[in-house]
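So the sequence lines, in the order shown, correspond to chains W and V. Under our numbering, the first sequence has 1345 at position 134, and the numbering climbs by one with no breaks. Under our numbering, the second sequence has 104 at position 18, and the numbering climbs by one with no breaks.
Calculated directly from the structure, the hints in this document are not laboratory data. The structure presented is a predicted model; accordingly, all values stated were derived computationally and were not measured. Take these hints with a grain of salt, some might be off.
Stated by the list, open to error - Sample of chain W residues facing chain V (criterion: CB under 8 Å; computed from the structure):
no.	residue
1	D1301
2	A1325
3	V1329
Virtual Cβ for every residue (Gly too), placed ideally from N, Cα, C.
Okay, here's what each chain looks like letter by letter:
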Amino acid sequence: MSYIQIENLTKIYMGRRSKPRSIHDPVEQSGDNILVLNNISMSFEEGEMVCVLGPSGCGKSTLLRIIAGFEKPTYGSVKVAGERVRGPSDHSIFVFQHSGLLPWLTVAENVGLALRGVDDANEKKNQIQEYIEMVELEGFEAYYPHQLSGGMQRRAELARAIAVNPNLLIMDEPFSGLDFLTHMKMREEVVNMHEFIRKTTLVVTHDIDDALIMGDRIVVLSGRPSVIKLAHKLDFPRPRDFERDHELSRLRSEIFLMLGVPYAV
Amino acid sequence: MAMKSERSEQHPFEGQPLAQSRRPVWLGLLTFLLIIMVWEVLARFSGWSAQIFPDPFTVVISMGQLVRDGTLLRHTVASLFRVTAGFYLAVLLGVPLGILLGRMWMARSFLNPVIQFLRPISPLAWIPLAMLWFGIGDPPAIFLIFLSSFFPMVVSTTVAVQSINPTYFQVAANFKFTRREMLTMLIIPAIVPEVVTALRLTITIAWLVVVAAEMIAVQSGLGYLILDARNALRMDYVMDGMIVIGLIGIVLDWLVRRLGNIESASWGMKSR
């Protein structure tokens, strides 16, 4: 059975009129209600890195937030490891688009949040140090998030997420707001991290190249209300290169076309 | 096990805020000097009697008398005691209530209308009731100071709690914070910057009110000193009282402002 199973998932944000006009068709987009996700079904395997692509405002983040348990589906269900998602849990850690580091805690203290269960103080300290070194932030343990650059903040949050040893890692636009080089470097780190820990990872992005370079599987959503336009397993060897791999390059053009920018390629 | 990557971001800016302009203190003192000179000139040439408008020198001399015979110290200590007691009480009750109101929709629905109703009523309007309920002495004065500080503390804390970035609560849910951790690791540190600002505003209000409170209910304190001096037509003592009140106000503000400079409390100013 698949690790994550999404069945007939529909999300409607209720407006002022809380009940749909017609009881016969509850999904009808009536009044102030906004239909965000429309009857989405898909499944992901354990250990996969899944990249979810789509135009902005299409409900990519909503999908992730439902999988993380921050929001409830209007209809349908999400199951992770066979269990229905009923709320946030430390089995699936969410890495926020804008920093989710607590600004009043230092880098070490933030990473320490993930290791609150470790009783032995020395052991805890060693583990914190290990995860900080993993993202190459040694020397910045005592810094507060606002003293770090954007890329370093992302890395610290990544370290905190991995330190929980979650079964599922959910990243909402992990590279937004980073400069080009930091973006490339961060992407490489996330891929390496995934190779290393082999945990199921969901990444939402609007960057087609990111999705194609990183993902074991790619899902393209349409504009709102979202339906799945394409779900594709990517079996290309890494490191991936558009110039060498013509099949990858063809897929890239196809997705650009699908998202309505055929001339950008 | 380190992931490979070059470190390109080796230079985070240091924690110190950029050149927090060192305003020269003497410029402010210069203004005071100017005021004293105008005062002196007015006293000398206005033709008002020294009873009504004492000159700076007389005020300094009488200040010396009040300091020497201990009157000033006694009254100052009495006032400070009342402000401290009333203010602490207001903070100890107001901040927890504010957190409750900020977090709990039900509590807010029940209590907020009452708080908004009581808030605009000047603490001075409570004087008759305070005297009837608490008699003469410290309790009614402390009660009035408490009232003056309590409502601003509750309202600022509520607003501070409500304006905590919702992402942090999601992080807390994600990392399975207990209720206790939610309070000590999230809510309290998050509101510290706003609460310090509120303390600064509130201590000033408390200090304003203590003087008024001491004019009615007690036989000590700087307010009483001023009232007593008025009855004796000693305007120089009145002015001494005012000067000491102003000076202590500055010191109180400075003390509370220093609270905001503690590093874990100052994240708010820097990361916003």
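A quick look at each hint next to the structure:
The closest approach between the C-beta of D1301/W and any C-beta of chain V is roughly 5 Å, which is under the 8 Å cut-off, so the hint is satisfied. Interface hint at A1325/W: satisfied, since its Cβ lies 7 Å from the closest Cβ of chain V, which is below the 8 Å cut-off. Checking V1329/W against chain V: minimum C-beta separation of about 14 Å lies over 8 Å; hint violated.
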